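Protein chains: 2
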Amino acid sequence: MEFFQGNIASPLGFSADGLHAGFKKRKMDFGWVVSEVPASVAGVYTTNKVVAPPLIVTRSAIETHREMQAVVVNSGVANSCTGSQGMADAYRMQKQTAEKLKIAPHLVGIASTGVIGDLLPMDKLEKGLEKLVVNGNADDFAKAILTTDTVTKTVAVKDMFGSDEVTMAGVAKGSGMIHPNMATMLAFITCDANISSQTLQLALSQNVETTFNQITIDGDTSTNDMVLVLANGCSGSQEILPGTTAFDQFSDMLSAVMTDLAKKIAKDGEGATKLIEVQVRNAPDSQTARMLAKSVVGSSLVKTAVFGEDPNWGRILAAVGYAGADAAVDKVTISLGHIPVLVDSNPAAFDDEEMQDIMQEDELNITVDLHDGSSHGTAWGCDLSYDYVKINALYRT
Amino acid sequence: MEFFQGNIASPLGFSADGLHAGFKKRKMDFGWVVSEVPASVAGVYTTNKVVAPPLIVTRSAIETHREMQAVVVNSGVANSCTGSQGMADAYRMQKQTAEKLKIAPHLVGIASTGVIGDLLPMDKLEKGLEKLVVNGNADDFAKAILTTDTVTKTVAVKDMFGSDEVTMAGVAKGSGMIHPNMATMLAFITCDANISSQTLQLALSQNVETTFNQITIDGDTSTNDMVLVLANGCSGSQEILPGTTAFDQFSDMLSAVMTDLAKKIAKDGEGATKLIEVQVRNAPDSQTARMLAKSVVGSSLVKTAVFGEDPNWGRILAAVGYAGADAAVDKVTISLGHIPVLVDSNPAAFDDEEMQDIMQEDELNITVDLHDGSSHGTAWGCDLSYDYVKINALYRT
Numbered sequence: 001m002e003f004f005q006g007n008i009a010s011p012l013g014f015s016a017d018g019l020h021a022g023f024k025k026r027k028m029d030f031g032w033v034v035s036e037v038p039a040s041v042a043g044v045y046t047t048n049k050v051v052a053p054p055l056i057v058t059r060s061a062i063e064t065h066r067e068m069q070a071v072v073v074n075s076g077v078a079n080s081c082t083g084s085q086g087m088a089d090a091y092r093m094q095k096q097t098a099e100k101l102k103i104a105p106h107l108v109g110i111a112s113t114g115v116i117g118d119l120l121p122m123d124k125l126e127k128g129l130e131k132l133v134v135n136g137n138a139d140d141f142a143k144a145i146l147t148t149d150t151v152t153k154t155v156a157v158k159d160m161f162g163s164d165e166v167t168m169a170g171v172a173k174g175s176g177m178i179h180p181n182m183a184t185m186l187a188f189i190t191c192d193a194n195i196s197s198q199t200l201q202l203a204l205s206q207n208v209e210t211t212f213n214q215i216t217i218d219g220d221t222s223t224n225d226m227v228l229v230l231a232n233g234c235s236g237s238q239e240i241l242p243g244t245t246a247f248d249q250f251s252d253m254l255s256a257v258m259t260d261l262a263k264k265i266a267k268d269g270e271g272a273t274k275l276i277e278v279q280v281r282n283a284p285d286s287q288t289a290r291m292l293a294k295s296v297v298g299s300s301l302v303k304t305a306v307f308g309e310d311p312n313w314g315r316i317l318a319a320v321g322y323a324g325a326d327a328a329v330d331k332v333t334i335s336l337g338h339i340p341v342l343v344d345s346n347p348a349a350f351d352d353e354e355m356q357d358i359m360q361e362d363e364l365n366i367t368v369d370l371h372d373g374s375s376h377g378t379a380w381g382c383d384l385s386y387d388y389v390k391i392n393a394l395y396r397t
Numbered sequence: 001m002e003f004f005q006g007n008i009a010s011p012l013g014f015s016a017d018g019l020h021a022g023f024k025k026r027k028m029d030f031g032w033v034v035s036e037v038p039a040s041v042a043g044v045y046t047t048n049k050v051v052a053p054p055l056i057v058t059r060s061a062i063e064t065h066r067e068m069q070a071v072v073v074n075s076g077v078a079n080s081c082t083g084s085q086g087m088a089d090a091y092r093m094q095k096q097t098a099e100k101l102k103i104a105p106h107l108v109g110i111a112s113t114g115v116i117g118d119l120l121p122m123d124k125l126e127k128g129l130e131k132l133v134v135n136g137n138a139d140d141f142a143k144a145i146l147t148t149d150t151v152t153k154t155v156a157v158k159d160m161f162g163s164d165e166v167t168m169a170g171v172a173k174g175s176g177m178i179h180p181n182m183a184t185m186l187a188f189i190t191c192d193a194n195i196s197s198q199t200l201q202l203a204l205s206q207n208v209e210t211t212f213n214q215i216t217i218d219g220d221t222s223t224n225d226m227v228l229v230l231a232n233g234c235s236g237s238q239e240i241l242p243g244t245t246a247f248d249q250f251s252d253m254l255s256a257v258m259t260d261l262a263k264k265i266a267k268d269g270e271g272a273t274k275l276i277e278v279q280v281r282n283a284p285d286s287q288t289a290r291m292l293a294k295s296v297v298g299s300s301l302v303k304t305a306v307f308g309e310d311p312n313w314g315r316i317l318a319a320v321g322y323a324g325a326d327a328a329v330d331k332v333t334i335s336l337g338h339i340p341v342l343v344d345s346n347p348a349a350f351d352d353e354e355m356q357d358i359m360q361e362d363e364l365n366i367t368v369d370l371h372d373g374s375s376h377g378t379a380w381g382c383d384l385s386y387d388y389v390k391i392n393a394l395y396r397t
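First to last, the protein sequences are chains A and B. Positions 1 to 397 (this note's numbering) are the ones given, in order, by the first sequence. Positions 1 to 397 (this note's numbering) are the ones given, in order, by the second sequence.
Hints were generated in silico from the structure; no laboratory data involved. Since we're looking at a predicted model, the values are computed, not measured. You can take every hint at face value.
Here are the simulated DSS-like cross-link-like pairs (lysine-lysine), alpha carbons at most 27 Å apart as the crow flies:
(1) B:LYS24 <-> B:LYS127
(2) B:LYS390 <-> A:LYS263
(3) B:LYS127 <-> B:LYS102
(4) A:LYS390 <-> B:LYS390
(5) B:LYS95 <-> B:LYS49
(6) A:LYS158 <-> A:LYS263
(7) A:LYS95 <-> A:LYS27
(8) A:LYS390 <-> A:LYS25
(9) B:LYS263 <-> A:LYS390
(10) A:LYS95 <-> A:LYS24
(11) A:LYS331 <-> B:LYS49
(12) B:LYS131 <-> B:LYS95
(13) B:LYS263 <-> B:LYS390
(14) A:LYS49 <-> B:LYS331
(15) A:LYS24 <-> A:LYS100
The following block holds chain A by itself, in its conformation from the complex (with noise of 0.2 Å):
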């Protein structure tokens, strides 16, 4: 597997574009990907228990007809708790971007992304659609789904399946509400495999619980957000068929895919100075090990600890406590980077300026060793600054 700098469109037969549509000030807004034929497809959605029309759409046309062709995105306007002139409008837009391309509107998923209880200004979404093309600039698609982001969330790899050389291709846009149970922010994966959307769907599902749902930026959990992979086999490639050698090949890719974006989610979280990861080892069982890093990742504690680049193990212990998970917590071994701060459970003097060159870097490695078992988990996440506070104080004014 190897790793490029690719784009959204460049697995065999996808296509991106994005522009300015005025649901923001200035920025690029509204964009879509097109794939020129109909792709497998798969997706994973929030658990919130509000969803937001595009979400429920999207959802109801993946899972009665299982393809998909198109996506069109808006920031800007999330037409979440809009009531029913919100599905209207959601049920327009999937309808109009399917006549533009001449398209089934059952093929056409639609996300949107921003302010919560505003209604989606459909004039400006009719005039944008006019103008987006197909074979447009994917880096502009990158940019045009972004909210708080600071930076465009991108990643390409490639692979050979046999003789057949195989693309598969993500973005994603995060920054606030990203945490747990998936489907917290907006993610994009296209493919040129020849796979089923069941087979798809089995990838997804088995590597979401390890890379999207391990990150966590503010513990909130949005009402619109959802991960679509589409696959349309153009690399004319063998089928992808489950319990294979190449299924498993497929999922590592997926998974690779998936972990970089999370990570570039993480990294860009609000106000973000550093990227956390957090490795629990030697836990009785994975979800275990993946609920306690993610109990320390998201501890509002270590997170304005790490932003003030403060080695304060303490409160990474107390974030494993109370994570209410069922492990032994008296024999925990903490290291910051390379240098071990708690041992069995008991502090360890460590170098002060050795400590200072690894808090002040801008990604910080946590392992908590449990010594209880044999199983591992990752979480990722970013620290708490003054940045956070401003940015979601300041958010609708």
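Please arrange chain B on chain A, whose structure you already have, making use of the hints.
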């Protein structure tokens, strides 16, 4: 029941004192509460799996002997994650206090709060003990237990039980690490009622869920925190027995004291500029109502919006949605103060100026009516400000 300007020494037979022993640089950091006679005692403790030595020592004394005559507290150093030396120090703290007061060690409860991982400086503790007096300054005790709190938290009430006057008082510290499941703060309540330890525990346990367990500052739960109630019978009142009107009256009194302290803790959360009270109304059951109220008041996005004085009800509804409760979310009415902003899950127009007045007040009342049952629940918290980040990024250094 009458609230009055009293302190922890107002109930008959209690005294308290506080002073600067040197655990902190300048502020008071050491104190005790003493009863003339052994008192009935009840306690609730942190649910963190990592439990600090002082808590282990105190809980064990209470569970074994069910009576207590003094509680000694230091702030600045938590004596948490301090291994076997920490346990030995905690037992010494208990024993030396008992020697000074010439009572049995099991009659002494101990509590520590502050930095995790540092050993208790026993020389300072011993010198502090030499200076503490019985019948000292009870207001100094309220100061001595604080960490990042900005104000002392004290409450006193009295009520007639037949012809007997009973007085109850409480003092608490809170600020950071205040969250779910009890005991995530220090609170000490004294009372001169005549009540057994078992009956006192019953009254404490039945009021914890709706008071201290319903406040949240940052979602973190401490390793040290506990609530202790001492009742010494010095009022000469008749014994309060379970299942009687007197018990209900006593329970209401305790509830009033605990609610008052809980709200004071929430209002003085680290960096807080506003108290937030969330009432969930007409839920399927009380537990669901409380859980939803706490989800809203604990949402970082709601908290930052309140700090920014932004009536962002979308984040409130989102927090209702992701709480994981089994309740309908399709006919929700949300009000900020007296102004409805969402009615039956449809956005409601409101007057911007009137709303601005509400958002600028020191206390914000958020009401969420589910129209899905007849049970209610309340939770308290505070906004998330720049100062929360500042306090926690720089706490150790």
